[in-house]
Structures are given as structure tokens and as C-alpha cells.
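Trainee: Now for the letters of each chain:
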Amino acid sequence: MTNHAIHFEQVSKSYGSFDVVENFELSVQPGEFLVLLGPSGCGKSTILKMVSGIEAPSSGEIHVNGKMVNYTLPRNRDVAMVFQNYALYPHKSVFENIAYPLLTRRASRPSKAETEQRVREAADIVEITSQLDKYPDALSGGQRQRVALARAIVRDPAVFLMDEPLSNLDAQLRDTMRQQLIALHRRLGKATIYVTHDQLEAMTMASRIVVMNEGKVQQSGTPEEVFQRPANLFVAGFIGHPRMNFLTAHSAGGNSVQVGKVTLRTQADAGPAGRPLTIGLRPTDGQYDRAEGNAISGRIIQSEFTGADAIQTLDFGGPSLLRIRKQGHRKDEIGTDATVTFHPKDIHLFDENGARI
Amino acid sequence: MLSTTEHRKLRLKARIRQNLTAYAFLAPALIFFVLFLAWPVVALLIQSFQTGGIMSPAKYVGLENWRQTFTDPLVVKSIRNTVVYSLMAIPAVFIIAMILALSLNTVRFGQNTFKTIIYYPTLQPILLAALMFTFVLHQDFGILNIILRAITGEPVNFLGNRNLALPTIAMVEVWKGAGFWTLLFLAGIQSLPRDLYHAAELDGAGPGRRFFQLTLPLLKPTFFFSFIFATIVNLQIFDSVFVLTDGGPVNATVTTTWYIYRSLFTFNEPGYGATLSFVLVILVLALTAVQTILFRERR
Amino acid sequence: MSLRRSFTNRPIASLQPTGAMMLTAYVVLCFASIVSLTPFLYILSTSIKETNSLFTYPPDWIPASIYWGNFQKLFGETNFARWTLNTLFIGIAITLLKLIIDAMAAFALAKLEFFGKNLISVALLLAVAVPVAALVVPLFFIIRSMGLLNSYWALILPALTNPLGILMLRSFIVSLPADLDHSARLDGASEWQVFSQMTLPLIRPGLVVHAIFTFMLQYTSFLWPLVAIQSDKKQVLTVGISSLKSNFVVDWGLISAASLLATIPITLLFLALQKYFLSQNMSGAIKG
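Sequence order for the protein chains is H, Z and F.
All letters in the first sequence, in the order written, are residues 0 to 356 by numbering that gives the first Met the number 0.
All letters in the second sequence, in the order written, are residues 0 to 298 by numbering that gives the first Met the number 0.
All letters in the third sequence, in the order written, are residues 0 to 287 by numbering that gives the first Met the number 0.
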């Protein structure tokens, strides 16, 4: 337990009878960039608030650097947090904002020169040195974000917490900031919990993703794992764009399943014949014009142009329609027949409870 | 993981620490609150069963003060005067303030100058306003009487007339208070959603209908606070009575607070004053409660 | 440009005021202005006249020569200067003390969790409706038992109680974003630092309004000083001026001079802080 940067042990949080977080178990290693991913209201922000001390857990224990912090005041927790709305102090200059964490404790207050030096270092890292004399009002969204980061960096905390830090930025800026955050994390090597509902942020930045829904952990793993082997229907549906196709099916015995009139070979064992299942097919896994594999034939009834490729909707006479990504786009394909094939390993099987088989 | 009992202990400690912090912030305010507001209310009740206390030690007299209160015609009169005064002053000042606020909202130039001038009397203590009003009302040199004399040839003895004295004192409050309520109503009007008015205008609603069907209903919360605030303040009317009529003529302007003051100092009967005070507290609280309930129901 | 301006600045309650409406409004406002200002101008006129000449009819609106006797008598034979200084001193003392006391309490009520929070909030709301005039009898005895009658403390201490100030500041503090405090706490701030370094600087407009409100309340108070202070030298302005009228033969010239001068301090304050007096904040103050 002592070598974890953050450790959650059976942490629950409820308001009255409403459980926001249920039995949350997680260990974050030093240097790890952990992303908590989930839709809004899934409890991910509450977890951050419990680590920072804004909220107290209803039960369970939270450890930071091997020390139980359930009853520790926020100021003594050695964690720094970057808020969604930056929470810059509007009445303080950028310099004063960044310097603030250094000056709150009389006992450990650095000298003027040292404060100046540390603020400049932190400002340098996030490239905001030229703005030190300005006030938050005068800064752009991206600059404010950098100031918030510098303020977190300057203290050299054990742990960084980030609560949707990029969600208030426009799309282009978000791309750049994402890359800079990754670089920053590499440079500082501090354990970080990053909360987001944006799967792109999660996939690109995380060393590990924890997917949450309705207060419970759905899956924990590397970005590749959660994408390639989603643990259940929720994760499968939440991660990946366009969204995975879900088709009701049943086992045809052994490694084959029956979807409508089509029989598909699978890598996983589908269990005894007749067992009800849901199969998941990623639109991006379908291959046109290939003889081998599990072929599904149908009529193209819709085609949405998205730029480099198109999302086509295929009616194959099954229980529901199938959406497939196709490179290139031709309007006149609508109404024509097409055949798509899926590799057996790309057919995800989920049992009646939605768990992966 | 620690045991449940250990957690409970630690949690209790954290709670205590949290409460100590909060109460450290609250302590000065709470001390003054208890000493000079909560305790005096309790003391009122205790003193209402006592007599004496200023020159000699207080003695318990049971329900004597209360019995006297219910049979004293001047008590009835003082409460009646206080309520009648409020019923004259508050509606008058509100209607005038509303007219002024609407006017201010209509004009384009000089709005700030008018605002400043109209607000100016509000700055003065009510006592000073009343004192200045002697220069308005005086039979010989009061400016209002100079005007009346020029028109009718006869001055009016505003404060010496039993029927005019109380309305005249209400007039002081209107003069002094109008600016305050004008600004408050103006702020209310200017914070109303513009779109609604444009929509109403498109629907063909004229200025009159827009005022009665939009402005007044939308300002209800403002009116609610204003009425309660004005009620609490006006039911305590004392300063202008003290300086203008001292209760006269023939007790026509005796108000509850005036009677309380006289009981304490002129009649040396603090017990009786406390009893009257308690009645006043109940009166104000009851009227405030009634207003709150009426407002809630209509909403 | 001018078209756009007139559109965006257009008053709302009457979208396009007709000429007649505009005219009516100006007439109403001019009349109200005359009514508001006339008493002030009239006492200006009477203060520079001998009292005897007040009784001539028709009146001499603007005297040919200025008579300074009323003012000389005011400063020579009454404690007017002392009353003014007392009022200012007590007003400032109360304003400063109450500002910090109320801000601290408001901070606790707005930002901290503690046992009895609801009870205290309800008690404060109820206390707003307690008429302070009804408390003079017990307050007289409480202050007397503390041995403070006839002292400045008799005026200062009970005035620190008005719960409206706490409720008003609370509503200002509640409207501050909570993340600022959370952030400050994580940055190592103690609750006192959150209060003094985050909350106070950010509610400055509220503090100014609170200060004005408190000062005005003190400046205009009459009944309590009348009860608690016997010595004329320790008296405040309101009671002092009213005492001028209690002589058997009333010196109206003296009273008008006193009234005129008594308007000056608050007028100066008003001119200095006009923005706050006339802002919506001030009216918001009473809504708590």
C-alpha cells in the first residue's frame, strides 16, 4: 500500500439514499497518468473531490502517498488540483496566483527571491512568463489554463488532480493543450488523476483508463485493452467512434453465433446452442470487398459523408441495422447491395448481463 | 484498513475541528446577538411581570401589567394610531415611488440628476426630516402654509388638528422615504426581461396593459420584501412623533413606541413599557408572518 | 450608430415612450424634484435670517444681508460641534467593527459546515422582524447593569447586532464561485486565509454597501441615544438637534441652522460614494 501514490479502498459516497460512488477500489502508481472516463454524473468528479478533500467519503479509505487522508484538511493533503473553470483568483495577478501556494504557510514560506525564481520556473514550463503581470480577466481561455497548471506545478505536490481541464477550450486549442499536458506529465513524472468525459482525451493521454458508470468501475486497463477488449456493453458502447453496433443474437453452439439468418464464426466460445447473446461489431472493423471471413450481405440504405470516409447503413435483414465505415464515398451506392466481412476476433460477444464472453 | 470504531473516532474529531472553526468565525456575532437581541426579547417577557426597577429594585407583580394593558384605552389608541399611520404611509409612499420609478424609466436625459435629487431626502435621519418639516408646516412661516395662505388666505394648523396630525406625520415619511423605494422599484423594473416586453408589444399590449399585466406581477418579489421591510420600520414610528407632536393633540398621534418611551422615562414604569414592547414585537412578527403567508399563497 | 444606441438604451417598461408619456414623466420628475429640494432650500433661507423676521408675511425669501447669528450661537452656545464629532466617531467605530463581525459570521454561514447552521439561519431571519424600538426597555437595564449608560459603548455595543448585515453579506458570499475557496484550501490556505485573502477582497462592493447601510442606520438613530445618553456632551447629532426644540421659546433660526449643517456630513459621504448609494446593490441590501 505504501508504494501507491493514491490508493482507494472500498470508497463509497452517497447523498441520502442516492449512491454517487459505490465501492470504488483503485491504486494509482507513482508517475501514472490515470484517466477517469465516464458520462456526466457517473461519479468521476466526486472521486476527485474526495481525494482533494472537498467532499468526505461516506465509507472506505483514501490514501495519498501511503497516508490515510480521509480526515486530513485539504491544505495538508499534498495534492494539487486543476479545476474545469480554472479557479484563478481574479483579484490577484498571474504572478500572485502562481505564487499563492508558496505563501500560504508561514512556516515554509520561501524567501522573496526563491518565490520569484520558482514562479518563473513554473511559468516557463507552461510558457506563460510573458503574462505574469496581467490579471486573469485579461487572459484568453488557454492562457488561464496554463496559469492554473503553473499554480499546480509550483508547489511540487505528490499528486495532480485534473477535473475536465480542457472542456472549456475550443477544439483546436484542446488538441495543442492535450499534447502539452502529455509532455508536461512526462517531464514532471507525477501521479495524475485526470477526469474527463471525452474518450479522445482519455485514449490519447492515459497510461491507464478507468471507465465509470453510475458510480461503479466498469473497466480498468490501458487504452488498447479497453478499446480492443471492452469488459461489458457499457464500455463497448462508450468507447470508440462511431459507436459499436449491437445486435441481438444467440449461440449456434461452440464458436458460432446466429444473427437473424446469418451465422458468424467467433473467436470466443459462444456457449451451448440457443444461449441468448448480444454481439458487438465496430463500424471500423468491417471490410468491404473481401472474400474471406464472416460475410454479411445487405442493401445500403444510407451513407453519411464525414470527410476521409463515409458511414454507411446496411440493412441485412437482421434484428437491426448495421453501420459500417467505408473509405471513399459515392452517393449512387445508396440502394445497391454490398457485402462486409468481419474477422472472428472482431466479433465481441456479451452475455445476457452485458458482460464480455 | 482501520476498524469502524477507529473511523468513527477520527470522524468525530474531524467534525469537532470543523465546528470549532465555524464557531470561531461566528462567535463575535453570536455573542452580540444573544446579549443584545435574543436575551432582551426574553427579558421583555420577564419585565412584563415586574414593576419598578429604575429608582428602586424591580418587584414581581404577576399579571398586573398585562391586566392594565388590556384595559388601558391609550394602549388601544396607540396601536390603532400606529397601524393607521402605517396604512397611510406605506401605500402612499409605494404608489408615489412606483410613479417616480416609471417616470425615471421613461426619460432619456437627466435620469441620473433626477435620481440623485429624489434620493437626497432619503439620506437624512427621519428626525431631521421631521424637524425640517416644521419649516414646511408651521402656521406662520411654514412654506406650505405660505402657499396655502396665498391661495386660500387661511393657514392650516396641520399638527394642531386632531384629524390632520397623523396624516401629516405620514407625509414626512412619504417625503423622506419616496426616494429609497423609487430606486428600489426602478432597479426592479430595469432587471425585468426585455424580451417579454417586446413580445407583449408585438401582441399589441399598450403601456397600460404592459404595466398591469407584466411589470406589476413580475415585481411581486420586490414588493414582498419592500412591504415587509416597510411594515417592520413603520410600525416602530417614534422620531417624527417625538419631535413634531409629542403624542398630541389630545393623544391623536400617540404611537406604541412613543408610549413605550414615556412608560420608561416619564411614568417610571419600565414593567409596563416592557409589556407594551412585547405587544409590539408580537404585532410586528404577526403582520410579517401574515404578509409572508399571503405572498406565498398568491404565488 | 445613434440608431443602435437609442435601441439598446431604450427603456423597457415603456418600449417606445410617446411624446406625451415623455412629457408627463418630465413633469412628474420636475415636480418631485421641487418637493424634494424645497425644504432644504427653505431652511437655507431661514438659517441666514433672524428668527423674528421669519414671521413677516409675505416672507423675505432671499434676505438682503446674511445674518450669521444663528451659526454663531450654534457653535458658541450649544454642543453642536461635539454632537457632530460624536456621531461621526460612533458611526465609524460601529461600521468598522460590524463589518468584520458580520463578514466573519456571513462567511461561516455561507461557506462552512457546522452543527446548528439551519437554526442560526432561521434565528437571524426571525430577528430581522424584531422591532428594535421594542427592545429599548431591556437594553436600558442591560447596559445599565454593565455600568455603560451614558458612554459611547452604550451606543456602540447594541448597534453591532442588526442581523440584516449578516444576511446581506451572506448573499454576496454565496454568489462567489465555490471552486475559488476549494482551490485556495488545496493551495494551503487556512480558513482564515480563505476568508481574508479570497472572500473579503472579492466582496468589496458588498462590504461598501454594508458599511454605508450600517453607518446610515447609526447616523439616523434617535430613540436609543435618547434613552442611553444623558450627558449633552456625549450626545449624538439627532438627539442634540431635537433638544434645541425643547426650550420654552423655540429659536427657529437656530434650529434651521443646525438642520442645515446636519445635512452636510451625510451629503459629503453621498457625493463620495454616490455610485454605491444609487446602485442596485443598495436596494439588494434589504432583500438580504
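Simulated from the structure, these hints should not be mistaken for lab results.
Here the structure is a predicted model, which means the values were calculated and not measured.
Treat the hints loosely; a few may be bogus.
Unchecked claim - These stretches of chain F come out as covered by chain H in the derived footprint (C-beta under 8 Å, 3 or more residues):
{"#": "1", "segment": "162-171"}
{"#": "2", "segment": "174-184"}
What the hints assert, rightly or not - Quick list of in silico lysine to any residue cross-link-like pairs, SDA-like style, CA-CA up to 20 Å:
{"#": "3", "chain 1": "H", "residue 1": "66", "chain 2": "H", "residue 2": "54"}
{"#": "4", "chain 1": "Z", "residue 1": "8", "chain 2": "Z", "residue 2": "26"}
{"#": "5", "chain 1": "F", "residue 1": "244", "chain 2": "F", "residue 2": "115"}
{"#": "6", "chain 1": "H", "residue 1": "215", "chain 2": "H", "residue 2": "241"}
{"#": "7", "chain 1": "Z", "residue 1": "76", "chain 2": "Z", "residue 2": "245"}
{"#": "8", "chain 1": "F", "residue 1": "72", "chain 2": "F", "residue 2": "91"}
{"#": "9", "chain 1": "H", "residue 1": "91", "chain 2": "F", "residue 2": "50"}
{"#": "10", "chain 1": "F", "residue 1": "110", "chain 2": "Z", "residue 2": "26"}
{"#": "11", "chain 1": "F", "residue 1": "116", "chain 2": "Z", "residue 2": "245"}
{"#": "12", "chain 1": "F", "residue 1": "244", "chain 2": "Z", "residue 2": "20"}
{"#": "13", "chain 1": "F", "residue 1": "72", "chain 2": "F", "residue 2": "98"}
{"#": "14", "chain 1": "Z", "residue 1": "8", "chain 2": "H", "residue 2": "215"}
{"#": "15", "chain 1": "H", "residue 1": "133", "chain 2": "H", "residue 2": "155"}
{"#": "16", "chain 1": "F", "residue 1": "116", "chain 2": "H", "residue 2": "14"}
{"#": "17", "chain 1": "Z", "residue 1": "12", "chain 2": "H", "residue 2": "187"}
{"#": "18", "chain 1": "Z", "residue 1": "12", "chain 2": "F", "residue 2": "115"}
{"#": "19", "chain 1": "H", "residue 1": "66", "chain 2": "Z", "residue 2": "245"}
{"#": "20", "chain 1": "F", "residue 1": "110", "chain 2": "Z", "residue 2": "15"}
{"#": "21", "chain 1": "H", "residue 1": "344", "chain 2": "H", "residue 2": "189"}
{"#": "22", "chain 1": "F", "residue 1": "110", "chain 2": "H", "residue 2": "54"}
{"#": "23", "chain 1": "F", "residue 1": "232", "chain 2": "F", "residue 2": "177"}
Virtual Cβ for every residue (Gly too), placed ideally from N, Cα, C.
Trainee: Next step is simple, just say for each hint if it's right about the structure.
Mentor: Hint check:
1. Only residues whose beta carbon comes within less than 8 Å of a beta carbon in chain H count, and the segment 162-171 of chain F has 0; fewer than three means the coverage is violated.
2. Using a Cβ-Cβ cut-off of 8 Å, 7 residues of the segment 174-184 of chain F lie near chain H, which meets the minimum of three, so the contact claim holds.
3. Pair hint residue 66 of chain H plus residue 54 of chain H holds up; C-alpha atoms about 18 Å apart against a cutoff of 20 Å.
4. A hinted pair counts as satisfied when its Cα atoms are at most 20 Å apart, and residue 8 of chain Z with residue 26 of chain Z does not qualify at roughly 26 Å.
5. Our distance criterion of 20 Å between C-alpha atoms is broken by residue 244 of chain F and residue 115 of chain F, whose separation comes to about 50 Å.
6. For the suggested pair residue 215 of chain H and residue 241 of chain H, the alpha carbons sit about 24 Å apart, so the restraint of at most 20 Å is broken.
7. Between residue 76 of chain Z and residue 245 of chain Z the alpha-carbon distance is near 15 Å, which keeps this suggested pair within the 20 Å criterion.
8. Taking the CA atoms of residue 72 of chain F and residue 91 of chain F, the gap is near 28 Å; set against the 20 Å cutoff, the hint is violated.
9. For the suggested pair residue 91 of chain H and residue 50 of chain F, the alpha carbons sit about 60 Å apart, so the restraint of at most 20 Å is broken.
10. The suggested pairing of residue 110 of chain F with residue 26 of chain Z holds, with an alpha-carbon distance near 16 Å, which does not exceed 20 Å.
11. Distance restraint check for residue 116 of chain F and residue 245 of chain Z: the Cα-Cα separation of roughly 44 Å exceeds the 20 Å cut-off, and the hinted pair is therefore not satisfied.
12. With a C-alpha separation of about 52 Å, the suggested pairing of residue 244 of chain F with residue 20 of chain Z is violated against the 20 Å cut-off.
13. Between residue 72 of chain F and residue 98 of chain F the alpha-carbon distance is near 38 Å, which puts this suggested pair outside the 20 Å criterion.
14. Only pairs whose Cα atoms come within 20 Å are accepted, and residue 8 of chain Z paired with residue 215 of chain H is rejected, the gap being roughly 28 Å.
15. As the CA atoms of residue 133 of chain H and residue 155 of chain H are separated by approximately 24 Å, the hinted pair breaks the 20 Å bound.
16. For a cut-off of 20 Å, the pair hint linking residue 116 of chain F to residue 14 of chain H stands: about 18 Å separates their Cα positions.
17. The hinted pair formed by residue 12 of chain Z and residue 187 of chain H fails the criterion: a straight-line CA distance of about 36 Å is larger than 20 Å.
18. Among the hinted pairs, residue 12 of chain Z with residue 115 of chain F is consistent with the structure: their alpha-carbon atoms are about 17 Å apart, no more than 20 Å.
19. For a cut-off of 20 Å, the pair hint linking residue 66 of chain H to residue 245 of chain Z is broken: about 74 Å separates their Cα positions.
20. For the suggested pair residue 110 of chain F and residue 15 of chain Z, the alpha carbons sit about 17 Å apart, so the restraint of at most 20 Å is met.
21. For the given pair, residue 344 of chain H sits about 37 Å from residue 189 of chain H by alpha-carbon distance, which is inconsistent with the 20 Å threshold.
22. Of the pairs offered as hints, the one joining residue 110 of chain F and residue 54 of chain H holds, with about 13 Å between alpha carbons and a cut-off of 20 Å not exceeded.
23. Taken as a hint, the residue 232 of chain F and residue 177 of chain F pair is broken in the structure, with Cα atoms around 49 Å apart against an allowance of 20 Å.
When held up to the earlier numbered hints, the structure conflicts with 1, 4, 5, 6, 8, 9, 11, 12, 13, 14, 15, 17, 19, 21 and 23 and fits the remainder.
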